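K.L.:
Sequence:
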Amino acid sequence: MINHFVPKNLKEALAILNEHDCYIMNGGTDLMVQKHVSTNVLPRFDKDVLYINNIKELDYIKKDEEGIHIGGSTRYIEIENSLIIPYIYKRVISEIASPNIRNMATLAGNIGNASPAGDSLVPLVLNDDEVVLTSVNGSRRMLVSEFIYGVRKIHRETNELITEIIIKPTNLSYFYRKVGSRKSESITKVSFLGGVKVEKNIIKDFRVAFGSVAIKTVRNRDIENKYIGKKVDELDVNEIVNDYAPLVTPITDQRSNKEYRHKVAMNLLKKFINDIKEGGNNE
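For the sequence shown, the working numbering assigns the number -2 to the initial residue and increments by one for each residue that follows.
Hints were generated in silico from the structure; no laboratory data involved.
This structure is a prediction, so every number in the text was calculated from the model and none was measured.
A few of these clues could be false.
Within a straight-line C-alpha distance of at most 27 Å, the following computed BS3-like cross-link-like pairs (lysine-lysine) qualify [said to hold, decoys possible]: (1) Lys213 - Lys194; (2) Lys201 - Lys223; (3) Lys87 - Lys8; (4) Lys201 - Lys255; (5) Lys8 - Lys53; (6) Lys87 - Lys165; (7) Lys87 - Lys59; (8) Lys201 - Lys150; (9) Lys213 - Lys267; (10) Lys197 - Lys213.
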C-alpha cells in the first residue's frame, strides 16, 4: 500500500521522512513525468509520497551578507520575479519550459532531480552555490556540484529534505546560451555558461560550465585556474578548446546526436573566449 502524506509544517515533514522512505513532491513537474504510465492512467508510484507544497516555512527569498537564500518550496516564477535575484539566474529560468511549468516547478526540485539537462544546475555549479539538507538530526550544507554525482544520483539520505539553496555573490560578467529544438518549452540539447572578471587586461576570475553534455554539469577548476592571471591577449582559443574537449562527452538520444552536441558546445566556448578577447559585451 502506498501512503500519501501532507504535513502541516516542516517539523512534521521531517518526522515523516525519518519514519518513511518517500518520494518528495512539490510542483511534481519532474516526478509526474517520471512516473507517467500512459494517457488517462494515473501515475504509478512504488513507494510513499510526501507533499510539501503547502509548507510556508520553505517558501521564501531573502538576502544577507552570505548571499541569497531560497527556500526549498519556492517556485521558479517567484525567483524570476524577485528584485534581489541576480540577472543570470532569471535569464536561465526564463528559458525553462513554459510559464505554466514555472508556476509549479521549484529550484530544489530541479536540483533533486539531478538530470544532466537540468538548466538551473549550470549557474548553480558555476557560481559555487550550495544546497542545505535538513533532517530530524539537524542540517548540513554541500556545494551543488558535489551534491549531484551522476544521472539522477544525489548525496541525500532518505530522511533528508532540501530546505534551502544559497546563491553566492559574484561580480562576474556572463555569457549564456541554451540550445534546443525551439526557443521555448524545449529540453536542452546543450547549455553553456561562461563567467569572467577582467581588471586592467588581466583575467581575475574565469569559469566555464556545460550542461547536457555529460552525466552531470561539467566544470573543471584546474583548467580555470590555468587561465586566471593571464593577460586577455594571451588567451589562446584553440588551447582552451583542447583543454575542455575531452570533458564534453555527450550521448546520442532522441533530441540530438553526440557529434552535434560536442561541436555546438565547443563553438559556444569559442564565442565566449572571443568575446573576452574582443572586449565584447558579456551578458
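K.L.:
Checking one constraint from the list: CA of Lys201 to CA of Lys150, max 27 Å. Satisfied?
P.N.:
Outside the cut-off at roughly 33 Å; violated.
K.L.:
Given the proposed pairing of Lys201 with Lys255, does the C-alpha separation stay at or below 27 Å?
P.N.:
violated (33 Å)
K.L.:
Lys87 and Lys59: Cα distance at most 27 Å?
P.N.:
It holds: about 16 Å lies between the C-alpha atoms, which stays within 27 Å.
K.L.:
Decide if the proposed pair is consistent with the structure: Lys213 and Lys267, CA atoms, cutoff 27 Å inclusive.
P.N.:
holds (21 Å)
K.L.:
Verify the proposed pairing of Lys213 with Lys194, using a straight-line Cα cut of 27 Å.
P.N.:
holds (25 Å)
K.L.:
Keeping to a limit of 27 Å between CA atoms, is the pair of Lys197 and Lys213 held or broken?
P.N.:
Given pair Lys197, Lys213 is violated - Cα atoms ~35 Å apart, limit 27 Å.
K.L.:
Going straight from one Cα to the other, do Lys87 and Lys165 come out at no more than 27 Å?
P.N.:
holds (15 Å)
K.L.:
Given the proposed pairing of Lys8 with Lys53, does the C-alpha separation stay at or below 27 Å?
P.N.:
holds (12 Å)
K.L.:
Would you mind confirming whether the straight-line C-alpha gap from Lys87 to Lys8 stays at or under 27 Å?
P.N.:
Cα-Cα ~31 Å, so violated.
K.L.:
Given the hint that Lys201 pairs with Lys223, does the C-alpha gap stay at or below 27 Å?
P.N.:
holds (11 Å)
The structure fails hints 3, 4, 8, 10 (numbered hints given earlier, in ascending order).
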